[in-house]
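Engineer: Please take these sequences and the hints and turn them into a complete structure.
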Amino acid sequence: MALQAYPDVPLFRYPYTDLSLAQIAAALAAPARVGPNGKSALDNNLAGKVLSFTGPGGPKLAWKFAAGNRVSFNGKEAGYGSLDLDHLTLFAHIVPGTTTAYAVAWDRLSNAATVFELWFGGGPAPRARELNREVYFGSMAGPGDPKQRHQRTLRVEGRGFMWQEDTGNRTVEYYPSSTYSHWVELDRLKDFRGYSAPTDYVQLTEEVYAVARIEAEFSGLLHMHLSDVNRLQQVGLRFGFNGADNLEFYMFRGTGEWLGQIARFEKLGDFSADPLPIPNARKGERRVYRPLATMDKLTRAEVDALVAAGNVHVFDKPSPMAGNGMATSGALAGKQFAIEYDGGPKMEYRFTGPDTLQWAIDGGPVVPARYNAWEMMPGVFIFGHLLEGQPNHDGHIVVVDLENGMATNYHGYLNTPYFANEAGCETLFGKIVGQGIPNPGSKRHERTRDMLGRAFTWEYSPGLNSMHLYSTPWTTSWIIPTADGHFATEWCGSGDFVKIRDQLYFGRWQEEACNGTLGTVLINMRTMHDAGIGYHCGKQGGLSMSAVGAPSRHAGKFDVERFFPVRKGR
Amino acid sequence: MDKAATDRRSFLKTGAIVAAPLAMAAPAAALADDGSRARLARLEDERALAALHRDVVRQVNTGDRQLAAGLTGLAADPAHELHIAFADDGRRASCRRTCMASFRTEFTGTSTLEQMHRLQGQGQHEHEEARVLVGEYRKGKDGWTIESLGLA
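Residue numbers (my numbering), protein chains in the order written: chain A, 288 to 857; chain B, 603 to 754.
In case anyone wonders, no lab produced these hints; they're calculated from the structure.
Some clues are possibly wrong.
Partial chain B-side listing against chain A, Cβ under 8 Å, derived [said to hold, decoys possible]: (1) G637; (2) T700; (3) S704; (4) T707; (5) F709; (6) T714; (7) L715; (8) E716; (9) Q717; (10) M718; (11) H719; (12) L721; (13) H727.
Each residue gets a CB set at the ideal place from its N, CA and C atoms; glycine is no exception.
Structural biologist: Shown next, in the form of structure tokens:
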């Protein structure tokens, strides 16, 4: 694959170069001398100033600024860039001859300062191209209240903004966590997909926050900004290597749009903001979810062997993802109907019991299977079963509306081009043909944007909780809370959303390059409960279908529909 | 099954009736044939069953008995009495006692959510639930023995 600065494939599919530290050092040499650039002129107005930083537990650092964007640091002369946001200044530079850089937020009134020390290589990030950072809070020498410090904050948690840089690049940024963020690039990336990354949130004033994400697992670059969330203005820095391995080292001004606020779930009065501390942490270490590293990766032969050995489990044990799930329904037992999918197969079903059925595909042989079903509204069932004998070990997870004659199938299958055990999925729409079931004609369930921008918490089992954020029409993100209600690590995958009836929605997510699961949920917004099915293949659990189910809280909805194009067709 | 469950009131009432003869150490033969013998036998059964039920709680708490996945402890709820229902022949009994049950769940699975919980240092979770310890007992020549136990 040719290198692309902003890939036209999902970032989790893009083979980012494992740059060596020598390559990185070489790429930093000239920008260290010159300093960051910008689409608009930078302020670079610090000439003549000497800034000496101290802070508890942090290093003593000093910068001496001169004309022509020159700065002396540790006896080395570099080029710097700076931008002012009212009485706050963001300045940045690379330390010449090193792979270290600094970005500093300085309050010129209080002298409070936050220093982001940035370095490539040496860890804790697993690859040299992924920036490391350590954040120090302190103050610059001079008048001011030394007790007035910047601090980590959860005040940004739950907010969402669209920020537009002076480069023209627009990014929807969701902050549903106090340690991660989720972003959607609207211009440089073409598929309007959301991604998640570990993020630092620092409160600088009541209105201005520093937000800094490292695009870990992908390019590894830093995108940070000081944002005045009241005036909706920002100044920022982008630093790191893009997909073409070109160094981006630029500063920007931006303007924002407020997109909404979803609920936070910390105890009222809890403003603590370091929810995932690591005991005896290495410098720069934090809890970063690296799903590809922990994912089982099986070949097609290994998957086939696993299935042939009988390592197949269909609703045969309690699922921690459904400890608070609804009771299964046996009401399909005795029913018989066919589902004719548009552009897909014709499935014939005979439900021989509350958890046994027979299926046939396109008039083929009748095959028995185990299923589970849940009735989420009167006459609407979600059920799932494996298609034993199919070469891709398919699973059908189907919602049937027997009162309206329509069906939607999240058809899961293995043997994707990426990992044989990773679930692929297609959405099939169809009609149900059976005695007493009305013929919907050409009417079908339809994709919906009713869920776009919404967030729901899910309480699967005691101690096992998450929140979904439906961040784009094609992305489902999930965020994990801490025991005290801070939401923290976050990840995401492809999603799809279908309206079944008013307030009843069929959604899914795919854990691509991340555990490989296809997860589905039929969400009833009247009962605030879901029932769903997970389809997964891995070394430990084999090929499986298992229940998903949890009570929910509606955390809120971001107003983001205008940012996403309407895609025609099914 | 005789559903004449022994609630607090009837238990105390029965106990009061039989307490005096026991305290006086009167020989059984001296008891008038007015039903006292049966009531005494029933009281002894109730005491034996209560002891057996307490033993079950103790064994759960010492780890010597596993009643449910993840169950680490039981504490009898003092707000609720032990309820005993005897079968008609008096040879079987069902005992129910509301308890606070402590559970520990280990998130050892490979699901993404479990992995992320472990990453956050939340690989196990402890919680309590109000449950009912249900015991089915049978009386043999050596006294009462457990037929089955469970948490409702």
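Engineer: Compare the structure with each hint and give your call.
Structural biologist: Right, here's what the structure says about each hint:
Evaluation of the G637/B hint against chain A yields a violated restraint, the C-beta minimum of about 47 Å exceeding 8 Å. Taking 8 Å as the C-beta cut-off, the interface hint given for T700/B is violated, the closest approach to chain A being about 19 Å. With a least beta-carbon distance of about 11 Å to chain A, the hint placing S704/B at the interface is violated under the 8 Å criterion. With a cut of 8 Å, the hint placing T707/B at the interface with chain A holds, because the nearest CB-to-CB distance is about 6 Å.
The beta carbon of F709/B is positioned within 8 Å of a beta carbon in chain A (closest approach about 6 Å), and the interface hint is therefore held. A cut of 8 Å between beta carbons decides the hint on T714/B: the least distance to chain A is about 4 Å, and the hint holds. Given hint, L715/B at the interface with chain A, holds; its Cβ is 6 Å from that chain's nearest Cβ, closer than 8 Å. Satisfaction of the interface hint for E716/B is found here, the shortest Cβ-Cβ separation to chain A being roughly 7 Å, below the 8 Å cut-off.
With a cut of 8 Å, the hint placing Q717/B at the interface with chain A holds, because the nearest CB-to-CB distance is about 6 Å. Checking M718/B against chain A: minimum C-beta separation of about 5 Å stays under 8 Å; hint holds. The interface hint given for H719/B is met, as the beta carbon of that residue sits about 6 Å from the closest beta carbon of chain A, less than 8 Å. This hint holds: L721/B has a C-beta 6 Å from the nearest C-beta of chain A, less than the 8 Å allowed.
Using the Cβ-Cβ criterion of 8 Å, the hint placing H727/B at the interface with chain A is satisfied: the shortest such distance is roughly 2 Å.
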